[in-house]
Structure formats: C-alpha cells, structure tokens
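Novice: All chains, please: the whole structure from these sequences, using the hints.
In order, the protein sequence lines correspond to chains A and B.
Using the working numbering, the first residue of the first sequence is number 100, and each one after it goes up by one.
Using the working numbering, the first residue of the second sequence is number 106, and each one after it goes up by one.
Source of the hints: derived by calculation from the structure; they are not laboratory data.
All residues carry an ideal CB built from backbone N, CA and C; glycine is no exception.
If you want the ones that stay clear, here's a sample from chain B, every Cβ over 12 angstroms from chain A, calculated: (1) Gln189; (2) Glu211; (3) Arg217; (4) Tyr224; (5) Gly225; (6) Glu246; (7) Arg268; (8) Arg280; (9) Ser476; (10) Gly477; (11) Gly509; (12) Asp542; (13) Thr544; (14) Met557; (15) Gln580.
Derived Cβ-Cβ restraints for the label pairs, each shown as a range: (16) B/Gln319 / A/Gly262: 44 to 50 angstroms; (17) B/Lys304 / A/Phe212: 48 to 54 angstroms; (18) B/Pro320 / A/Ala218: 54 to 60 angstroms.
Straight line, CA to CA, 35 angstroms or less: simulated DSBU-like cross-link-like pairs of lysine-lysine: (19) A/Lys285 / B/Lys169; (20) B/Lys523 / A/Lys251; (21) A/Lys305 / B/Lys523; (22) B/Lys567 / B/Lys593.
Residue-level listing of the chains:
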Amino acid sequence: MTKHDETRRAFLVRAAAGAGAVAGAGLVPDAFAGNLERTKDAVSSAAAPTHPAMHANAEIQGAFFNHDDAATMSALTERLMPGAPDKPGALDASVLNYIDLALSGAYADQQEFYRRGLAQLDAYCGKTHGKPFRELGTAQQDEVLMALDEGKATEFDWPTAQGFFNTLRTHTMEGMFADPIYGGNKDFAGWKLVGFPGAQMFYSPKDMESAEAFSRSPIIGLQTGLVGIAKAPARKG
Amino acid sequence: MATEKTDVVIVGVGAAGGILAAELGKAGMKVIGLERGPRLTTADFAPHDELRYFQRMDLRPNIKRTPITWRPNAGVRATPIPIQNYGSQAGGGTVHYGTLSWRFHEDDFRVRSHTIERYGASAIPADSSVADWPLTYADLEPFYDRAEYELGVSGKAGNLQGRKIEGGNIFEAPRHREYPLPALHADQSGLLFNEGAHKLGYHPFSSPRAILSQPYQDRPSCTYCGYCQSFGCHVGAKSSILVTKLPEADATGNFKLLTGTMCYHVNTDNSGRATGVSYYGPDGSDNTIEAEIVILAPFIYDNVRLLMISKTEKFPNGLANSSGQLGKHLTAHMMAKVFAAFDDRFVNIYMGPSAQKHTLDDFNADNFDHSGMNFMRGAQISISPADLEAGPIGTAMSLEPPPGTPRWGAAYRDFMAKYFTRYGTLVAQTENLPYADQTIDLDPNIRDQWGMPAPRLTYNWKRPNELARVEFLMQKMEGIGRAMGASKVWRGGLGPGAPGAHHEGGTRMGSDPKTSVVNRYSQTWDIPNLFLMGSSTHPTMAGFNPTLTIQALAFMTADAIVNRYKKSPGALA
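Specialist: What follows is the structure in structure tokens.
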C-alpha cells in the first residue's frame, strides 16, 4: 500500500466511522472492522466529526468531499444500498470513494450540485430533527430519504429534493456496479451481490441456454489480478 | 482558412454516409467526408466498461456540449434531453447500436393508402400527417439485399419469394434469397420467449441483426460477450460502418476523412445550386469545401438545423424548403415495457447480443385485424434487458421494481440480488404516427459548443391513437410474460411523453415537391445537387428499427448518382 493509498483509506474509514458510529455501529460491516481497528488512532474517536481540527487535517481529506460531507455521503449511500451479512452494501463496495473520485474528475461539473444539495439536506434535517443527517438514526435517515424521493422535503430549491435524490441514487448504483477501476464495487462487492460475472470475453451456446447460475468462470474486471466468484443469492425459489 | 475542391462532400460518415463514401469512391468520384468525432478502431473497444460506454455514453454525443432540447408542446420552454441515442464518431450510430436490421413490411411504405383501402379514411386520426412513401417495398428489395450481404446480417428468412417459413418472420415481405448468415444463437430468455409465444399461437423468431453468427468477409463471429448495445465490438463482429464500408472507401484511394470537424453551413449560390459547405476544424479553424455534390448524412437534427441555418435571400425559409415541410412530421418509437421475473430459473439476460433478442411480429404494422379497434398500426414485440443493455448499472437504472417494492433500501437490494439474473423485459417498439405539429426547429435560448442554436424537438407521443395502441400492446405483453412462466409480471411506467428511440422525419420524402422535401432518391426537390440522407426522410416510421432501411436507401441513392446523375446531373425524379 502506498502512502497515498493509506491516506485515502483513512479518509474512507473515517467517513464511515463518522456516519456509522453515530448512526449505529451495526452499519459498519465486518470487512471494514479490521481497517477501523487499525486506523482508530489516525481517525481519533468516531465522535465529534465537526471538530475544527478535522478540517485542517489533510490526512483525512477526500479528493473532493470535506470530512462532514464525506460522513453524510457515507450514511446516505449506505441507506440507499444497505449492507447485511452476505449482502454487500454501499460501505462494502466503497461507494463513497467512487463518488468522491468522480466529483474530482469526470463529474467535476456537479461539485456545486453536491455542495448545495448537502447543505440543503442538513438545513432540512436541522429543521425537522434538530441534527444534521449524519447524526440521525437509521430510521430517521430513511424518513428523510423518503421525503426527498417523494419531493416532500422542504428547504430545497436547487437542486430540488427529487433531483438531488435521483442523482444520489444514480451515483450510488454506479459506485456499486461500475468496474472497480473507478474506485467503487470494491472486491466486486456489487457484482457478487447480484451475481454478475463482469467483463467476460465470451459465453458459449451452453452458457446462453442454461437456466442455472453462471459458474464456469470467475468474475473478470478490467484490470488483471482482480478476480472473484459471482456468488448467486443463496436462497432458492 | 483553407478551401478545398472535391467532387462530393459528405457531412456525417455513419450508417448512410459511409455507404455513399465507399460506393461513390468506387465509381471514381473524389469524396471528402466530414466527421465531428474521432475515427476509432476495433482495438479501441477492448474495455468492457459499462460505466464508460453505457452510463456515461462515451460513443454518443455529449449532452452538455451538443444539447438537443425538448418540449411537449409549443406553449412551454424546452429543456435539454438527458440521452442522445445517435453516434458521435466515424461509423455514427452503427458503432454502438443494437444492430437490429429489418426490412420494412410492404404496407409500411403505403400506410395511408393501405389503411384507407382496408378500414376507410376515418380509421386515420384527423390530425395525423401519415403519408405513403414515394417508393414501394419491391423498389427497395434489391437494395435491402445488398445491405444485408455487403454489411453482414444474421437471420432466418420467413418469406422466401412468397413461401412462408416457420422459424423466420412469416410476416416479412417476400425476399428473393436467404440471409447471408444463419440466425444468432438464442439465449435462455429467447428460449422462454419462443415457448411462451408458441403457446399463444404467435410466431416468434431470432431477431435479424448485423452481427456475424459465423466468420464472414475476414471478420470473426460474435463471442456473445453481452457488451453490445452502447458498446463498440471488441472483435469486429458487429457489422458497423467502421469495419465494413470505411475500409472499402479507403481502398478506393478516392476518399478522405476529416475527423474532428463540424459542418456549420451549406453554401449555395444565386443560381440555386449548392456550392459546398463550411466547417470548423479540430483546431477551431474556419474552412470551406467546394463540391459538385453536397450530401448531408448526419443524424436527423443536423439535417434540419443545417438547412434552417443556411437560409439565404433566395431560400428565405431555409434551404430546400419551398414546400414549408422542413422540420415537420417528427416521429419516435415509444418503447412500452412489461417486466417478467422468474422464480424457477436463472435467465442471465446479460449474455449475448443485448438488444431486442427474440421477436414476434404478430402485432406490428397491419399484421393483425384492426377492425373495431381505436388505433391504427402496431409494434414489434421483443425480449430484451431493461434498457436494451444488460449490465447491472443499466439494470439499476431501468428495471423498475414491481409495485410494492421500493427503488432503494434493503428491499430494493434484495430485489436486485435475486432478480438481476432472473428477469426479462418485453418491449413493444410502437409505430407512432407522424403529425405536422411534431417538429424540429432552432432553440432560441440554448446554443451548442460552436455557438449554433440547439435543435429543438416539440413532441408528445401521448395522443389518443398512440395511448390506445400502447394499452393494447401492454395487455399482449402481460399475456406473453405469463405464458413464458414468469412468477411475476408488471408494467413499466409510460414516462413524460418525450420522444423515445429512433427519431425520424423532418425532411420527409414524397412524390410531390409541394408536400415533401426530397424525392425517392433523397435528393432535394429545390436543389438537385443537394442530398439528405438518413431517417429524416422517412414519411412514416414502421414498428421496426430504421437502420437497414436507411442503408438500403443509401445504396439506392448511390446507385442513382453513379448510374444516372454522374452522366447527366439534374433532377432524378
């Protein structure tokens, strides 16, 4: 791991801890627990995400999001695609990392959309719950998201509540399911969730006609060395 | 500022422009092609990257730099549409298309006459501008044949010289010989569709596609990788213009392609003749080409826009617009959807060529009796992934969960986890009628990266005839889904009335200069050395994808230029 990677990892874990620790420790999946332990010191305690010192600390700044916004985004994306045992969610897939990198690159023209969307979100949460989104419990967070989805949340002008929600949802799905080279879908978490084998070069007539789960080949990504098994959902019927 | 002289300039080297470049070059004419995008190669398409090609639309026009705006009616301000489904590089839309390659039915070329003959004039909505084409299926058959054989189309005949053949499309117009290549392999969704449709007495078949089912013309056959619609083909098995006609054009020694160039004006003189075009180079330079023949072959928006922008004192309403029909009669397919989920099997619809895999034609055109129905015409019905592209991002965007399942949260996650590999989408590609108030013009408020006014679409498909047709087809598709054995079948939403896939019209062809912009050879009535290629010339749209018809018309125009116009320039009809 390079120094850069370590710094980036600290940013992501810090954001996840900021959201997860407040919103409920159960949200941080096992895959993250080890990292969380290792970086506990670097990220201080999971509380007080608004401490001014955090903003000055380049060790935990993302490519785009500041610390508070990263914690909010981490919570938002995990509520949109929550993880559970054997069901990877947004945290497992590093969806925050995907969106953070996209906004500092391909989607740089949407930076202000996100800044204002997140500010309006916190204004709405402040008015309705007296706290920013990242500090709410998961049930309250779901209520807020539903109000956004249905266009009922006040305090939004541009982006509109629905416009902001739709973009969040789109970018969360991209982070879940885009090739890992873009920073999300970590260890093919999203592809494993749905049973997609990725960038296969071919399917045989037998593969095509089969009514069974595809298992002939491991998952293939764009970069060599990244392979996994497309695990179909365990349930039958 | 550079000025060049040539015999022929072609603006846009896609489905039609590429064919004309090759055929006119072979006839010894010097051809310059202007292409606003790059010229990519098969080697560029190795990355199987859904985010880049499907979601971020890397092979399509950039919606921010080249906006197209839409409004449902003339009373409201237009806003940019979020997806542009045409091409933005050499080869045009054929680089990323789903490759569906249909011959239109015989009655598709004479919708007005046929409808009146069978049902009476009252069957046509009073406000529809539905019209006959100035040519028949029989006129175009030899050129459909050339397109299928020269490009490489896989399929099975259903009507060979009048003899109906089960397993092919028995509703197709008679063809004089088989497809050059056998039909593509069916996948699990195709097998299910076949079985379900047969149970109901319908006539399903493997859709004809411009994808090689066997090696052909030194190109390898399809690998069924599934990265198809929205993607360039990583082995060159998709019969795009890039790997078919452009190499032929190169080999003539008479063709020069200028990439990164944007044509912004068609030049005419006081005699009423086209003298050439002006364009911006990739370095921002302003250049002119003088040509004996000017062929516009961009997507339909730019055919209309260039003619409107290039107006002169002699042509005050835009070039080639003495009829007043320029920009009118816009049509678009509405893609009505029914989703089907299976609990007893995997479908794995991400395998194989993704778009409109298996088809039934029983409810298209006038293939079924419309007596007593409150609509005319129909749709091709096919089995597809949710958005004709099959990866998980596209599925998350377009597979609408069934009623009662939210589109986010734990229940949505579980829905995707279970059904991404266990669903199919029935899609009806409806033949929406032309109406004169469905238009393309210049947006007064929004400009593109070159400062040109954006093309503006005024369109709302939600008319009584169209809504009744969609309701009829939705019921048919629900029946097919159940017959396929789906455990759950539900309808997709109808959207806001915006134009869907395959925008056509705007420079319609006809047999009367007073009511049409071009003649059957896509030659403008007003300016004989100006040709307009592509689906902008289609008077009606059929329930079929337009590309093979665009290509057949291009072969017909090339034939007329080489064998007649070249010897004696002037009106061809």
